[in-house]
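Visitor: Sequences are here, hints too, so could you generate the full structure?
Protein chains: 4
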Amino acid sequence: MNSENFSLSEAIVSPSYVRKGSQARRGHEQLIRHLLEQGKCPEEGWSESTVELFLNELAVMDSNNFLGNCGVGEREGRVASSLVARRHYRLIHGIGRSGDIAAIQPKAAGSSLLNKLTNSVVLDILKLAGVRSVASCFVVPMATGMSLTLCFLTLRHRRPRARYIIWPRIDQKSCFKSMITAGFEPVVVENVIEGDELRTDLEAVESKIKELGAENVVCVHSTTSCFAPRVPDRLEELAAMCAKYNIPHIVNNAYGVQSSKCMHLIQQGARVGRIDAFVQSLDKNFMVPVGGAIIAGFDESFIQEISKMYPGRASASPSLDVLITLLTLGARGYKKYLSERKGHTTGQGADRKRTHVSRVHVALGVVPVPLPQRCLGRGDHPRRRDAVHEETRQVPEGAEERGGRSARRSPSGSVESGGRGRRAAELKCETLTVCNRHQLICLCVPLRVRP
Amino acid sequence: MNSENFSLSEAIVSPSYVRKGSQARRGHEQLIRHLLEQGKCPEEGWSESTVELFLNELAVMDSNNFLGNCGVGEREGRVASSLVARRHYRLIHGIGRSGDIAAIQPKAAGSSLLNKLTNSVVLDILKLAGVRSVASCFVVPMATGMSLTLCFLTLRHRRPRARYIIWPRIDQKSCFKSMITAGFEPVVVENVIEGDELRTDLEAVESKIKELGAENVVCVHSTTSCFAPRVPDRLEELAAMCAKYNIPHIVNNAYGVQSSKCMHLIQQGARVGRIDAFVQSLDKNFMVPVGGAIIAGFDESFIQEISKMYPGRASASPSLDVLITLLTLGARGYKKYLSERKGHTTGQGADRKRTHVSRVHVALGVVPVPLPQRCLGRGDHPRRRDAVHEETRQVPEGAEERGGRSARRSPSGSVESGGRGRRAAELKCETLTVCNRHQLICLCVPLRVRP
Amino acid sequence: MNSENFSLSEAIVSPSYVRKGSQARRGHEQLIRHLLEQGKCPEEGWSESTVELFLNELAVMDSNNFLGNCGVGEREGRVASSLVARRHYRLIHGIGRSGDIAAIQPKAAGSSLLNKLTNSVVLDILKLAGVRSVASCFVVPMATGMSLTLCFLTLRHRRPRARYIIWPRIDQKSCFKSMITAGFEPVVVENVIEGDELRTDLEAVESKIKELGAENVVCVHSTTSCFAPRVPDRLEELAAMCAKYNIPHIVNNAYGVQSSKCMHLIQQGARVGRIDAFVQSLDKNFMVPVGGAIIAGFDESFIQEISKMYPGRASASPSLDVLITLLTLGARGYKKYLSERKGHTTGQGADRKRTHVSRVHVALGVVPVPLPQRCLGRGDHPRRRDAVHEETRQVPEGAEERGGRSARRSPSGSVESGGRGRRAAELKCETLTVCNRHQLICLCVPLRVRP
Amino acid sequence: MNSENFSLSEAIVSPSYVRKGSQARRGHEQLIRHLLEQGKCPEEGWSESTVELFLNELAVMDSNNFLGNCGVGEREGRVASSLVARRHYRLIHGIGRSGDIAAIQPKAAGSSLLNKLTNSVVLDILKLAGVRSVASCFVVPMATGMSLTLCFLTLRHRRPRARYIIWPRIDQKSCFKSMITAGFEPVVVENVIEGDELRTDLEAVESKIKELGAENVVCVHSTTSCFAPRVPDRLEELAAMCAKYNIPHIVNNAYGVQSSKCMHLIQQGARVGRIDAFVQSLDKNFMVPVGGAIIAGFDESFIQEISKMYPGRASASPSLDVLITLLTLGARGYKKYLSERKGHTTGQGADRKRTHVSRVHVALGVVPVPLPQRCLGRGDHPRRRDAVHEETRQVPEGAEERGGRSARRSPSGSVESGGRGRRAAELKCETLTVCNRHQLICLCVPLRVRP
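Protein chains in written order, with the numbering used here: chain A, 186 to 636; chain B, 186 to 636; chain C, 186 to 636; chain D, 186 to 636.
Heads up, the list lumps identical chains together, so a pair's fine if it works in one copy or across two of them.
Think about it this way: if two alpha-carbon atoms lie no more than 27 Å apart in a straight line, the pair counts; the simulated BS3-like pairs of lysine-lysine are: (1) K205 with K493; (2) K225 with K520; (3) K292 with K527; (4) K446 with K520; (5) K292 with K205; (6) K493 with K225; (7) K225 with K446.
Source of the hints: derived by calculation from the structure; they are not laboratory data.
Guide: Next up, the structure:
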């Protein structure tokens, strides 16, 4: 309530009690002021009552909630179901404009503020999590893979003749598909074994660049967050190489915000070389529902260029989720979460898991190098460009139960290779076989290895 | 948000859009201002977004929502479940103080405002519904019957020696119990038949007053809302009689707010005679969940005296419900509801129902006068003072289905009279037999007659 | 969903996944089954999703939520505002029937289950908290004081000629008012000083019984939860005395559920003597919003008699709150809360507070015995029966701030005694002066002494 | 509750009441059964209580809500904020899998059902709205423009060498950007004036196909929903032409579901020729928050191909919104909405608007044909491929107020042409100037012309 209404309230209940209430309100306003002034995640988490007060304030700034709203604007922002209106806190204009997903929307000052503040708070968290020199970021209501696609599509306009993306292999389907969907040719660079780890083969990357011609390479597409035995790519060296050859560098940092190691690698890579954008998922990193990602980078104009590639206004739902979550946790709460995650991933448990995983891999020959060879070895694949096939093999029942995960079967795709000779009691495993101009690869998405 | 925060927002999204948002906010504030200034139900209903904005504003004024609240006050207003906190909009201090249910609570300016405004808005609606000279009212989180009990208990302190309540008979259990619970002796005055209606027997009331002595009568307890063949009591004449004999007059107006006839009777009664308080249910009159009532009257000090009889703080839940409902409907919406109800109760359907009901009554001899005689005729009842018994008789299966209501069986009470000679296929009917010093009465609560 | 719908779902998504979902559902059903079977608070708290699933299940059993509901029953349970419907989980029939607040409601099987289960779970918690032999209890949507009033009103019907309630003095306004409201005469028995404690004067109680005549005493009204220097009444001895003289015994256990000492006293009192009912607040004991109480006892028929005194159906809101809270906490969570509270009240902090309090009292002569004398000493009070007056004195500003509580001023009542000779800088203190036939007492409700 | 729990309930409340509650539950189950069996929008809308019951049922089938869930799967579906969990009804796994946005997710049978049912219900509504032979569709949590992009990207894999999209001009920014973002070259075909309408220039389209070579054309990108003076494209003729030249045909049907004319055009186009996919927005057509679209078509395998292009799991939020809305409205409610919209768009008001719009356009020379000429006439644009520029001109203040819309200013883009020589008092209008290989076009997005 404004001061006039507080004054009126003093005539109804005692002035001194109202003044305390008004002071209390100023306390909430003060928190909001800090947020607006600094655009940072508050150190201490807000109470749910402050969060909801703030969201209500934002909602009343949107034209669909203007009182007596009718006439021309009426159709915009009409919501038929009150269940739906309420679950979105009546913020229903979405974010962005047709021209730019990060832009301000004339009819929705509240949703626009939500959008800007979310991006600003998330930027603060990225810094706090280790990428201190990040310059710009925005939340996009798309999966990590689709967000990578948007980055690649943006690069097309900068490098109209390039068609290859150099990609140190990582067996995650959506990373691979992000390049295919963008219409580029992934050039898969196999990793090298060092001890019991799979690491980036820097020499292979460089020779691939030379072979293809730097001007024909859209970008190098590296990965930080992954599961053993694969370790994060050598970002520093890759970033330096990209700078040397003037090739863009996009980093898939899917689950990496919660890993100080991944974040440190990005920070270092940007310091010594070139990283154009790094993309991370919202759900695991920020404990929100699936469906959003953050596209971030060190050059504000490039990040803006990506945000302008999204045609149309977008859902505000992931932004709303992440803003509520970060305001509720506060920087302190988020740091606590990070340190808990660190405990999870660095402790003995993690080591045991890693060992277990690599044993599984070795036992089954799923990963590392043998796989592609085996696939290639079959040699009898149709060499159709970009053909995508899927296959399914079986895992032992026991393994499944141990892992606690139901195995994912691929829908009846054309099974190409896989379990021949293996009994049904073996590892259920989904592979993605793809033939491009340069090679046939068989991506195995191991089912049981994620912690 | 305050003006400072709006200014800060202008730096984030465009100043002109923020100004529109800020203007929109003022629109909501303006509605709240009107409410605070005038204490009346707004003519036009508020949007849910204004209602929730307002409730959030009230909540932040309560000390349990003060930021950084800890220490001494911490235990007050602690709520363990967030589901519970949210469903009460974090208004959890209840209403009133130990001294007065209508009083202001030092630690809860917001809940106190809620309480005061609810009572004020409800008062406005009572006027609008026809009792234009009502002076004061308050919402109490108790059923109508228990609220009547509170009125009677208050009168005890004014008339310490009185013990009788004169009550023109109405076959509703809780009305009767309201007097028993208060510890008084109901003196039941049978109604007279006029045409096919049961009306107040004014002469019998007056002779009862004379018989008992006016100073021994706590009050006359009359009823407006009832079902055919019973019609509302002759309030004007009763009120005049109460004035003449200086006897308090309490009106049970349970479902009467929605009836212009009932409200008119009360207004007229107060004009020509004496009505100390009239009590109405919240649920049916205001379409809110069961559990609240309004105690209203024409003398503010007496109503205040009643409010001070409630020992302890009380639930704010019914007040919250009725305030949300009235703000959402607005005076216009409530009037529309009233006129719809009028259509229901005055049309042909009502007539048909009435005829049907009186035919049932006549056929079964349940009501009118025969009943008490019949009960008294048995003569063999223990004459224990205030003994309460219940009996059950059967209704034809068909009748039950026609009515669409499941019959209410009394729990195995001591069956006293009832079904003698009647077959099991007869009317299932619950009666309440009570013997007081003066007479044995058998209240029949007809099951099927409410519309 | 039922098994048929699960089968249909198998045709849409994979049978094995649906089976897992169906198993998961059975997990929730299993929890509900335990609750229904045993009527006890589950050992482990339920997730919010189980709680809401269960409440939704209850709601669909109520007739207002029957599909295609129209015709006769339509008016019942109509709620105008969807905000209101939702916040009550669409359980809007209230609890009880006009005849009995604990009774089953034919049109609301869901609300009735809610009511029965809440009472059953609360009974379990009372046992768990120390009163192992409690036989029956029910939640009533009224403050503790009003609930005590209901107990006293019930006793009136058992002891029609009795008019006195013997009450070892405790300076809490609503306890005192609970007797006044019920229309009885409180006979205040001053406490005795033992060390720095104020304890029950058993001899004075017994001599009062003899003086008044046991048959004229409605009950002894004792207190467990209180603040230093007052300590809990000697329940064992009082209970034994009540048994000896055949006088009912009602215990005000307002905040005592969280105190193992209070609960132990009640258990012991019932074992060695007579306790007819003990009454406790819901809010502090169960961390729910203000406005409900539990009436409990060792004789099921007496508790039922009380529940039948409430005329009309009552709000389900406090029952809903306490059920949600206890299902969410689980017995384990509630025990944890109890042990935390124990830490608060038994540690050094409590001792320091006590000492401080008694110093304040001694310094100001507010409590103990001097007070009534002083009041009586004034001698000039009108001896009106049951007159209730209030007065206000001042506290030093510093004291107020130290306590962190805003002082409660009485509304401009007729100041009778109090601050004469004291400067404005003294203790702000609210007293309740009452003259009954036997004595004039001046209750001082010390403002700053509650922890 | 299952039958076992209903039986247990019968022991607590009366069996007959429980049976009624259980029957009532079956009523809800029956509605769910119909939905599961038929996959169609229910004729009558569901009550909110059925909707929420159903959503709760879905949620318990997702593994994040499995009781005692811990260990390996724990990290999946973790949500930090209870506000966030609740607003998504605890359905937080998103939809689809990394391989296919329409696929079933092993760990989330409930979310998968939600996804499948939403797509099925939406398909039913598309049929009901006029496209009776539609074979398949899916909801995608992206704006219409981005969804068009996904369609174009899918076509790239079918037509690897094609690079042009033939596009009858429509002045909507996001349509244009959808092609740019996909990396194709829009070939803009100007419309012809017929009376006061702008209609598709079929000859120009055909000659463009011949000029570019059909094999080099990715698709024809036509539009249905638009504002006067532009009328929907001649879909039948375009579809026939696409069939003749074997060119895919993607229809932008952004707001067309609510227009029987647009839907009829699509149905006819598919009947006589070729339509590969048609894309529509969720918000305006289904009155839900901004951010979702439906991609639909007549060949299930192609629609599936598009759904498999989305890399990663996606937000379930738009699907949830549209499912809630359609279940609440029912087919009847949706048809009522459609007929209201028809009233809006065909009545006199629409005519007046159209006339007004074309007057505005004529007056300012913004649209129709003069524009490109004027832009081209400037001739001095850099011929950079795919360069995108924006400009801003002014509108009279009055016009802005009349329209009730705040004008959208482009963010400080490189202003190329536009307002030179115009006074500030002129029409504020955003244009998008783009130079591709073939022509320079200047898209004017008129601000005030949408109804």
